[in-house]
Amino acid sequence: MIHANKNIRQALILILTYLNVYHAFTAVTPTSTPSTILQASAEAMSSASKMFQNLSPNPIRSTPHTGSIPISVPKSSSIMNEIKSVSPLATAVMTGRKVERDMDDLKWTMIEDNRSRKRRLVDTIEKIDNFNGISTPLIRFRKTIESSAPYKPHFLTHFASFLMDLEQRSKWDDTVKNVEEIYPLDLVSGNALFSSPEHGILTRLGIGHCTTKPAAGGLVSPREQLTLCGMNSYDENGGIIWGFECPDFMDDLLPPDLKRNTRARSHYFSTAVRPSSSCTGFDVEYIIQLEIGGRIPAWSTTPVVIQTIKQLFKHAAVYYGPDGGVWEGNGVEERMEELRVKVLEDKEDLLVTM
Numbered sequence: 043m044i045h046a047n048k049n050i051r052q053a054l055i056l057i058l059t060y061l062n063v064y065h066a067f068t069a070v071t072p073t074s075t076p077s078t079i080l081q082a083s084a085e086a087m088s089s090a091s092k093m094f095q096n097l098s099p100n101p102i103r104s105t106p107h108t109g110s111i112p113i114s115v116p117k118s119s120s121i122m123n124e125i126k127s128v129s130p131l132a133t134a135v136m137t138g139r140k141v142e143r144d145m146d147d148l149k150w151t152m153i154e155d156n157r158s159r160k161r162r163l164v165d166t167i168e169k170i171d172n173f174n175g176i177s178t179p180l181i182r183f184r185k186t187i188e189s190s191a192p193y194k195p196h197f198l199t200h201f202a203s204f205l206m207d208l209e210q211r212s213k214w215d216d217t218v219k220n221v222e223e224i225y226p227l228d229l230v231s232g233n234a235l236f237s238s239p240e241h242g243i244l245t246r247l248g249i250g251h252c253t254t255k256p257a258a259g260g261l262v263s264p265r266e267q268l269t270l271c272g273m274n275s276y277d278e279n280g281g282i283i284w285g286f287e288c289p290d291f292m293d294d295l296l297p298p299d300l301k302r303n304t305r306a307r308s309h310y311f312s313t314a315v316r317p318s319s320s321c322t323g324f325d326v327e328y329i330i331q332l333e334i335g336g337r338i339p340a341w342s343t344t345p346v347v348i349q350t351i352k353q354l355f356k357h358a359a360v361y362y363g364p365d366g367g368v369w370e371g372n373g374v375e376e377r378m379e380e381l382r383v384k385v386l387e388d389k390e391d392l393l394v395t396m
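If you want the working numbering, it's the 1-based position in the sequence shown plus 42.
Hints are computed from structural coordinates only; laboratory data are not their basis. It cannot be assumed that every hint is accurate.
Listed below are the simulated SDA-like cross-link pairs for lysine to any residue, each with C-alpha atoms no more than 20 angstroms apart in a straight line [said to hold, decoys possible]:
1) 149 with 250
2) 92 with 120
3) 140 with 279
Please model the complete structure; the sequences and the hints are all you need to start from.
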């Protein structure tokens, strides 16, 4: 089945309620609480990104350990429709349709087509200049990652760790200094927001903060980002990881004890993952529109972004191989299945079993 039935969905959301407890004790504790309730005023919206110009009427609170702060989030339809507009693989994951490479109506320019090569880091790289009126190009990477076993839902979680976990991120991104989820958001409220059957199960939602090291021998100063990120799972049918830079009216969420750096901005980010029809691996579509910030022209940063993401795929190819770390997730997947069974049948207290 492409979408979980009602009972399974309710069971998974119940599990996520208790997982919020876990995230509450593993998230970074803010040194101070933002002084304002983070709902956008009309004045602040004038400088907000496109994504945050269509907000949900009800903010979602962070976990109790991070202050239960109400945080404005875009409507789920705005997020998922934007992803569908540029990612054919994400559209296929959401709808269960066959993947068509040209399911979007956009005019992409091919940068690299490596499909005829036996050894390649990525299959194709495409771009759109001036997407949404922003000079930094939107770049789309496609790759089929081979694995010695069929796709499992925890593959998605592990791919997300390449981006959100500092240890994994450092293995392919030399510039990263720190990356952390500073405000995990309530997943029950999040799933109420992402209630459409096309949205799968929201398994992670939060505000992330990332800082980079100086680059190019110190010519490029450190950067920082504040991003709303989420992960939607479709069980055996794949999933979507996404993120959008928070607008200026959310700057109260920036860690107050850190020196402010030049702001880089991910105007768009998504990664769609789906089991491949041609092998036991899975297809990945990674799309990003990253503005480095400062006075660095966009044309000079595009090759750097491309080479960096290639390193991500190089790391992923090893990780999902027979000797890679992804197999450590088998126990986690089995444990999640045990929890699903207990919720659906035994109705036992999950806190006892975790």
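Quick rundown of the hints versus the structure:
{"no.": "1", "hint": "149 with 250", "result": "violated, 31 angstroms"}
{"no.": "2", "hint": "92 with 120", "result": "holds, 9 angstroms"}
{"no.": "3", "hint": "140 with 279", "result": "holds, 12 angstroms"}
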